[in-house]
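Chemist: Here's the letter readout for the chains.
There are 2 protein chains.
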Amino acid sequence: MANLEEIRPNVHDSLGRVTELLQKHELVENLVQRQPGPRQELVENLVHKLHLVELQKLLDALHPADAAYILESLPLEQRLVVWDLIKADREGEILLEVSDAVRETLIENMDEHELVAAAEQLDTDEIADLAPDLPREVMQDVFRSLSPEEREQLRAAMSFPEDSVGALMDFDMISIRDDVSVEVVLRYLRRLDEMPEQTDQLFVVSPAGHIRGLLPVNRLLVSDPDTPVVSVMEREFIKLHPQEKAQDAASAFERYDLVSAPVVDDAGKLIGRVTVNVVMDYIREETDSDRLSAGGLLEDEDLFASVWRSVRNRWTWLAVNLVTAFIASRVIGLFENSIAQLVALAALMPIIAGISGNSGNQTITMIVRALALGQITGANARKLFAKEISVSVLNGLIWGGIVGLFAFLIYHNWQLGLVMTGAMVLSLLLAAIMGVAVPLTLQKLGRDPALGSSVLITAITDSGGFFIFLGLATLFLV
Amino acid sequence: MANLEEIRPNVHDSLGRVTELLQKHELVENLVQRQPGPRQELVENLVHKLHLVELQKLLDALHPADAAYILESLPLEQRLVVWDLIKADREGEILLEVSDAVRETLIENMDEHELVAAAEQLDTDEIADLAPDLPREVMQDVFRSLSPEEREQLRAAMSFPEDSVGALMDFDMISIRDDVSVEVVLRYLRRLDEMPEQTDQLFVVSPAGHIRGLLPVNRLLVSDPDTPVVSVMEREFIKLHPQEKAQDAASAFERYDLVSAPVVDDAGKLIGRVTVNVVMDYIREETDSDRLSAGGLLEDEDLFASVWRSVRNRWTWLAVNLVTAFIASRVIGLFENSIAQLVALAALMPIIAGISGNSGNQTITMIVRALALGQITGANARKLFAKEISVSVLNGLIWGGIVGLFAFLIYHNWQLGLVMTGAMVLSLLLAAIMGVAVPLTLQKLGRDPALGSSVLITAITDSGGFFIFLGLATLFLV
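Those protein sequences? They're chains A and B, same order as listed.
Just so you know, the first sequence maps onto residues 25 to 502 in my numbering.
Just so you know, the second sequence maps onto residues 25 to 502 in my numbering.
Since the hints were made in silico from the structure, they are not lab data.
Where hints are given, some of them may not hold.
Note that the list lumps identical chains together, so a pair holds whenever it fits in one copy or between two copies.
Stated by the list, open to error - SDA-like, lysine to any residue: derived pairs with alpha carbons at most 25 Å apart:
1) 293 x 240
2) 263 x 464
3) 269 x 306
4) 81 x 133
5) 269 x 400
The model shown is predicted, which means the values in this text are computed figures rather than measured ones.
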């Protein structure tokens, strides 16, 4: 690894170079297929192999995260050519780094033997991460190859639900006894070849394995060697529990600037640790999946997934959207007589629905964020409600005035303008009330308020906006 | 700090307790105002003070991040009461932790003297973070109180744009010479009282200050004391440049699991470091601001901002939305004659616009993500285009069939059903083409494709969907 200025472009350059070599390789393959002849074949075969050798060399030099990035950026056929060139002893690490959808395509094209070999190079907590994607027989083989202690770890790691601290945990920690001196610890460490990555602290445990304190590595270095460990260790610290929500652990890491934290069971026994790099990956995945579901995608989609797979990935939200659109359509259907008499209503109604949908989504974004941070209490919920309602009335008067003027200028009908303004105020009011009420209600029902509340508010403001506008028009204009 | 199970609820409990004490305090204040009398006043004043003393004790025990959280969760009036109770020597740290909007409300209520005192407790890189919010005179006073070296640091830190590596940098690093042994380094460290937080490595520099390598603290501990530093240090490592994009540094931290990284200038001189906790805060802020702008909010809004301020924060996107709604409305206006003749068109048209908007947003979510990861190259862009078009045609036939059937069942008009199906296929095709083209074009123009592309695609699919459906209907039905 060199300067980042070199590294970032390097990854892109590598991607460019990989694509180039693949294209040459394909060209030669085509030639060979078109003009078969023993001699020519020999020559072409040589050239062809040269490209692949160069490609392999390039791939060997890449960090696993960068190799994963290149695999994700290639169409399926080329991806598999590249995957075949990657050394067997790196396959495990790279499988961990690629996205779920891409991992599936790679695993589908590996045989049982290759999969077992790839999994066996990994730590037990990493095997647990891959496990859901591996065939049953492969997992059985892997399991058999482990030591009894490792089997126990794997069993533990796999027993925790996906969004729990247990799923983020690894077993690469250094624990020390509480009755020794700093000198003894230093001597013990010097006998190791290397320390596990992201080790910023050692875990001080009793002979029975109960955690007593933390000894930051940096404190170890500034302490007098004769000091007993107990007198320099931290006694007050964050302990994570394997069943806790991963989200809570992540926010503890952010809040208190942690690099690692111990995981202890109910009895206070040290069973593992969580490190900041895993937490950062978790946060990235969470925000990615939030963004995908906000866009109406079920899950992370392989950029080069088959058409059929992509269609299925996008199906659910389109179906939900279709139902809400049908409802809105029937609401309009109720007022077909009014529209037939005053066709301007048809042209103006999307304005009301659109603006109130946008405004409702603004309110919901605020409230969902505050709920996620736990900032909404019984005491301040009423204040928030009052604030959102005031904002919406003010916005309604301002924007309602503008759209009313617009309607008047185009249709020269001041009553129509007034109805527009009134409808805007009422539907922004509806949007504000629902923008607060929908996420609060979802939260009370124990559902995730971030999921689906935007679809729900848009459905409400669409149908509601049409109903309010066409209803007022029917009352006052027709 | 104790167990996380205690800590998380503790923050909520603390918020609850703070609110409770504040309410008691307000009650007493009201009593005092209603029944003024020298003796009673004395008694009440005592009770009143007792509550505040208890509150102050509670606040003193909180981690700055937790105090910030409580300030953010309180309405303005109560927030200022709490802020007054916070010890002056903690104000600086807490100002750093609160959100921009809340920081503004706190700074507005501090006098010049308090602000200077708060800023003076901070490191120079932290002062640089606060600087944009501080009045000019305060910054001048703070500047005067610094040592020449610190002034230089502050000047450097403030010279970098907000989204650069320079803005994430701190100066809390330990650098060592390259001609010493591990033993000397260990002795040097032992003379320190403590090491800076998040120090996972020391920076090895030449006498002129040029970076030569990194010495991971963990390697220091396992090395023989007699080894020269140069033979155990890392020679290949990530160097950040202060002018680089913060986003690139963040992705290097994620990719390569870094805890800290050196920042060097053009000449290769070490000028600072970036640590993982700052990177994590940066990522959180970025995703927050993405989410806010996706929801149509200009910036992070104080939950208890004044109505007027909130209205302004939400104004821009509503205005953009209004313009696109006006355009859609005029598109419909073109077909008023057709609608007057077949009023069912008015009820059916939102279905076409809604579904194609949703589908276009799905495509754009995929493309924006792939662009952000740099996964789209000239070679694969065409493949992606082809895939998205196939997906949209297939979706168009499926969903178009369903909506066509819906139209036929309600209006008993099979021609209308066919027009619905045809319009759905065409507008999903439009959505797919624009869903790929809009972000790619924004990227080519040097704009952020994440910003505004969703608004743009919705505007296109709305107006386009109405135009296609009403146009087809006018051609074939009227």
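Chemist: For each hint given before, does the structure comply? Return the numbers of the non-compliant ones in rising order.
Modeler: Number 2 only.
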